[in-house]
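So the protein lines, in turn, are chains A and B. Numbered according to full-length UniProt numbering, the first sequence spans residues 1 to 497. Numbered according to full-length UniProt numbering, the second sequence spans residues 1 to 490.
FYI, nobody ran anything at the bench for these hints, they're computed from the structure. In this text, all values refer to a predicted model and were calculated from it rather than measured experimentally. Ideal Cβ positions, reconstructed from N, Cα and C, are used throughout, including at glycine. Be careful, since some hints might not be right.
[As the list claims (entries may be wrong)] Derived coverage of chain B by chain A (criterion: at least 3 residues anywhere in the stretch with Cβ under 8 Å from a Cβ of chain A; other residues may be distant):
(1) 85 to 96
(2) 167 to 173
(3) 229 to 236
[To be verified] 25 Å max Cα-Cα, derived BS3-like pairs, lysine-lysine:
(4) A/Lys329 <-> A/Lys308
(5) A/Lys217 <-> A/Lys138
(6) A/Lys81 <-> B/Lys58
(7) A/Lys329 <-> A/Lys358
(8) B/Lys340 <-> A/Lys81
(9) A/Lys85 <-> A/Lys308
(10) B/Lys58 <-> A/Lys85
(11) B/Lys340 <-> A/Lys262
(12) A/Lys22 <-> A/Lys177
(13) A/Lys22 <-> A/Lys227
(14) B/Lys91 <-> B/Lys385
(15) A/Lys85 <-> B/Lys385
(16) A/Lys308 <-> A/Lys81
(17) B/Lys361 <-> B/Lys340
(18) A/Lys217 <-> A/Lys177
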Amino acid sequence: MTLNNGYPTTTVIGLEVHVQLKTDTKLFCGCSTEFGAPPNTQVCPVCLGFPGALPVMNDAAIELSIRAGLAIDCSIPPMTKWDRKQYFYPDSPKGYQISQFDLPICADGFLEIPDPANPDRTRRLGIIRAHLEEDAGKSMHDEAAGRSDTRIDLNRCGTPLLEIVSQPDMRSSAEAKAYLLELKLRMTHLGISDCEMQQGSLRVDANVNLHIDVDGKKIATPIVEVKNMNSFRAVERAIEYEIDRQYDLWEETGKTIDDESKTTRGWDDGAGTTFLQREKEESADYRYFPDPDLLPIRLPIERIEAAKASLGELPGALRTRLESQYGIKPYDADVIVNQGPELIAYFEEAASVSGDGKRTSAWIQQDVMRTMKDRGIGIGDFPVAAGLLGGLLKRVAGGELDTARARDVLAHMVENGTSVDAAVSALGIESVDGGELESLCKELLAANPQVAEDFNAGKQQAVGSLIGQAKKKNPNANPQQVRETLIRMLQESAGNA
Amino acid sequence: MLDSALEILRLQSAGEATAVEIAGAALDAIEASQPTINAFTHVDRETALAAAAVVDAKRAAGGKLGSLAGVPVAVKDVLCTRDMPTTCSSKMLKDFRPPYDAGVVERLRAADAVIVGKTNMDEFAMGASTESSAFGVTRNPWDTTRIPGGSSGGAAACVAAGTVPLSLGTDTGGSIRQPAAMCGVTGLKPTYGRVSRYGLIAFASSLDQVGPIAWSVPDVALMLQAIAGYDHRDSTSLNIDISHYTDVLSSSDLRGLKIGILRDSMDRDGVEDSVRKATMDAAGVFESIGAEIVEIDLPHTDYWVPTYYVIAPSEASSNLSRYDGAHYGHRSTDSSNSDKLGPLVTSYCRSRAEGFGDEVKRRIMVGTYALSEGYADQYYSQALKVRRLIKGDYDAAFSQVDLLLGPVTPTPAFPLGSKIDDPIQMYLCDLFTVGANLAGVPAISLPAGVDASGLPVAIQLQAPVLEESRLLFAGAAFQTATDHHKRRPK
Ligand SMILES: [Zn+2]
């Protein structure tokens with residue numbers, strides 16, 4: 001890439017993603033992790049670090065971390081341990097955070113993404129490690145009208161986070177976004193995290209700098225860490241902004257990575273700019289040491305194997321299989337896979353009953369998902385079972401029902417929870433036999449001679465005006481069959497003439 | 001009447017005294033001793049008498065009584081109590097009232113013990129003399145110009161002063177055994193993990209352990225039986241059945257037991273003759289009741305104190321971070337701003353400067369330094385390696401002998417103020433005791449004589465992990481054969 005008509009430049013991006021694990025209780029106590037409770041109502045002596053209180057590990061968080069690690073091709077070591085990371089901060093009641101330092105639970109993995117620059121290829125992006133840690137509380141600053149109050153909500157204290165650290169392998173904002181989408185998909189697919197960015201259950205820090213090729217010599221700009229972005233769009237925009245800013249700044253000052261250590265910047269979404277948060281003159285000394293209150297955790301190979309076996313098909317493989325098995329497009333496979341395992345299962349069952357994967361995919365993406373959205377329900381609560389939807393679509397595919405009538409049938413089934421047959425008879429839909437259809441068409445052609453003239457003049461679409469009339473005279477008439485019959489009759493009479 | 005828990009249990013079941021009478025007598029004795037000894041930071045007469053009345057009512061109603069029914073017990077002020085302040089003898093926590101009981105306190109209550117109050121200690125359990133308490137020094141009942149030892153100075157002194165038969169101390173580097181030795185009573189540090197640390201305000205988490213102090217081994221065993229056992233709220237708690245500690249106390253014959261005497265370490269500078277003599281005399285007693293005595297050496301003894309004084313302050317510097325005046329502890333009212341640091345950091349600094357005493361600050365500084373980047377490898381990591389060697393020494397020794405015999409302290413109780421300005425001299429008080437904490441093994445301090453001026457001198461027995469029964473068995477046999485534990489201060 002060449003920027004500002006200047007020197008060829010490579011963008012180097014590494015992401016640190018905090019994923020909040022979907023456990024019922026916190027990492028070291030029994031407090032609820034539910035989002036949105038009134039401040040300081042989900043706390044206890046343990047997560048508040050009361051004098052004398054001790055942490056006790058939540059095994060569910062370990063299990064989810066193992067699954068997460070396996071989903072991004074990490075190795076899971078036979079032993080992992082807890083460390084304390086010391087820093088004074090209002091959000092951190094103990095004065096330290098329980099985290100993992102030198103023996104993280106997941107190490108050395110990768111994520112494969114479609115190459116945004118070339119759809120026929122994939123890119124393999126390295127993952128350095130993923131470690132478990134407890135979340136801190138939340139400070140709410142009230143600076144209105146000259147006040148400088150800070151209120152602290154400690155509900156989030158002790159919530160389990162998995163911090164996934166990538167290699168600096170990404171080369172564009174599009175790659176960063178693709179990485180995040182794929183990561184989110186795997187985490188949600190396996191039920192590891194909700195990955196709700198607005199609720200803070202997925203938080204992203206991006207490390208960005210440029211490698212500028214000046215007459216064959218590579219010059220690196222100082223690394224900038226953009227903190228705590230709360231949408232994928234923000235990540236993309238912040239990276240784009242940094243690319244321009246860093247290049248301009250280098251042109252202006254000539255400062256390179258050797259002149260300046262890493263700085264931390266925030267992202268102002270409204271202004272579309274990053275801003276300096278703190279300059280790390282010296283790197284913080286967290287004085288890590290093994291937490292003496294928690295024993296190291298042994299992870300026997302049997303446990304890892306069992307977790308591996310329970311993962312099932314991961315999104316990448318699933319997408320490919322849906323495409324080939326049901327003949328659907330990559331885009332549609334992606335939409336279905338993105339909806340999670342329950343909807344995938346629903347699709348597969350409906351498609352195998354209907355025998356028409358494409359039609360089933362379209363109906364699920366339109367009718368089923370719209371109803372889910374309107375009613376605020378998940379697929380588990382959708383009133384029409386997958387087999388019933390498949391049966392309905394089989395009739396559509398076989399020409400027994402037209403699409404519009406089938407929509408009415410589905411709507412009736414959704415409202416009343418009935419079978420296809422019951423809905424069809426409740427709506428008074430009867431199949432129209434061939435003779436009936438012939439006489440209907442004959443009648444219409446006789447009443448509309450202009451249509452035959454237009455048709456013979458080469459305007460095939462002229463028959464369209466009769467389909468609506470046919471439907472009025474007999475609501476059960478299948479528009480496709482009506483069209484075919486009309487055309488056949490017109491062709492025959494033209495041939496006879 | 002108040003110096004034996006077993007006797008108090010007998011008196012009540014024989015109908016010769018009620019729990020309320022016994023508690024009243026204990027409270028009176030405490031009140032009388034406070035001006036001179038100052039063993040307590042908090043005594044609540046009404047609550048204690050009410051608890052005693054509940055025991056009496058239960059007995060009258062024929063209810064099932066706990067193993068410590070009606071026995072007055074004192075609790076070191078580092079253990080959380082729901083109905084009493086828990087201060088760690090620090091200005092930092094002088095107003096702290098925990099919303100919960102420590103695991104051991106729950107067990108004491110479940111055993112129907114009557115908790116009479118909280119005992120004085122070195123601030124945050126850091127010290128060997130109980131002179132660093134924000135509530136004033138505790139004095140040694142044998143000679144009130146002398147220290148009672150520390151950090152559980154109040155816990156040992158209240159027993160020695162005859163106010164309660166049982167008290168609960170904590171031992172991070174000798175804090176039960178050293179004051180027990182200096183106050184002429186019996187103190188046991190259990191195996192690390194044998195007793196719950198839940199609700200014990202941490203000093204050095206990997207070393208801290210709660211244990212009993214009493215005049216004699218049978219009482220110590222009785223209390224250990226009540227407090228030992230698994231607690232799911234403490235991840236380092238051992239999920240292993242407890243022994244019947246009180247079952248092993250009748251024997252006075254130690255035939256077949258091999259005791260290793262730690263002779264080398266006794267010949268160090270600063271170890272007084274009275275201490276050496278008491279240990280050798282005790283070896284003679286053990287031999288006379290059938291034990292075999294062999295000389296044994298723990299090769300890395302020279303590294304015990306340096307290792308301890310890197311690991312303990314490192315953990316302490318972390319454990320004490322939460323006392324910043326915002327989350328926990330004393331908050332400075334000095335609101336003048338320091339332009340250099342900003343209001344938040346200024347508040348942290350002032351609160352900690354005002355709330356902590358000198359010894360605590362010293363250890364926080366040492367620990368922060370030992371864990372800091374560039375020094376952690378040199379100090380903290382090195383100390384962890386040496387700690388493993390020390391554990392190895394114990395394993396090797398216990399493959400040859402059943403128990404280790406040696407001194408508890410280099411000297412008997414020293415005069416108040418004599419070492420308070422010399423931290424290194426103070427740290428050397430832990431010379432013989434820190435090994436057991438570093439290795440996690442149980443150890444007991446037993447009265448074993450007096451020096452020329454009549455001050456108590458003690459011996460220490462150490463056993464392999466989870467072999468508290470062996471310590472109690474040998475200790476009880478020693479006390480059957482001797483009268484040292486029956487001597488009382490004037
Ligand atoms: Zn909690």
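Status of each hint after checking the structure:
Figure legend: the region 85 to 96 of chain B, annotated as covered by chain A; annotation consistent (4 residues with Cβ-Cβ distances under 8 Å, at least 3 required). Taking a C-beta to C-beta cut-off of 8 Å, the region 167 to 173 of chain B contributes 0 residues in contact with chain A, too few for the three needed, and the coverage statement is violated. Coverage of the region 229 to 236 of chain B by chain A holds. Counting CB-CB distances below 8 Å, 5 residues qualify, and the rule asks for three or more. For the hint linking A/Lys329 to A/Lys308, the alpha-carbon distance of about 29 Å lies beyond 25 Å, and the restraint is violated.
A C-alpha spacing of about 45 Å is found between A/Lys217 and A/Lys138, which places the hinted pair above 25 Å, so the restraint is violated. Distance hint between A/Lys81 and B/Lys58 is unfulfilled; the C-alpha atoms sit about 48 Å from each other, more than 25 Å. With a CA separation close to 8 Å, the supplied pair A/Lys329 and A/Lys358 stays within the 25 Å bound. For the proposed pair B/Lys340 and A/Lys81, the alpha carbon gap of about 38 Å is over 25 Å, so the pair is violated.
The suggested pairing of A/Lys85 with A/Lys308 is violated, with an alpha-carbon distance near 31 Å, which exceeds 25 Å. A distance of roughly 50 Å separates the Cα atoms of B/Lys58 and A/Lys85; the hinted pair therefore is violated under the 25 Å criterion. Using a Cα cut-off of 25 Å, the hinted pair B/Lys340 and A/Lys262 holds, with the two alpha carbons roughly 23 Å apart. Between A/Lys22 and A/Lys177 the CA atoms are separated by roughly 23 Å; this keeps the pair inside 25 Å, and the hint holds.
For a cut-off of 25 Å, the pair hint linking A/Lys22 to A/Lys227 stands: about 23 Å separates their Cα positions. Distance restraint check for B/Lys91 and B/Lys385: the Cα-Cα separation of roughly 36 Å exceeds the 25 Å cut-off, and the hinted pair is therefore not satisfied. Proposed proximity of A/Lys85 and B/Lys385 is supported: the alpha carbons are some 21 Å apart, at most 25 Å. For the given pair, A/Lys308 sits about 21 Å from A/Lys81 by alpha-carbon distance, which is consistent with the 25 Å threshold.
In summary, the hint linking B/Lys361 to B/Lys340 is supported, as the alpha carbons are separated by about 22 Å, within the 25 Å threshold. Of the pairs offered as hints, the one joining A/Lys217 and A/Lys177 is violated, with about 29 Å between alpha carbons and a cut-off of 25 Å exceeded.
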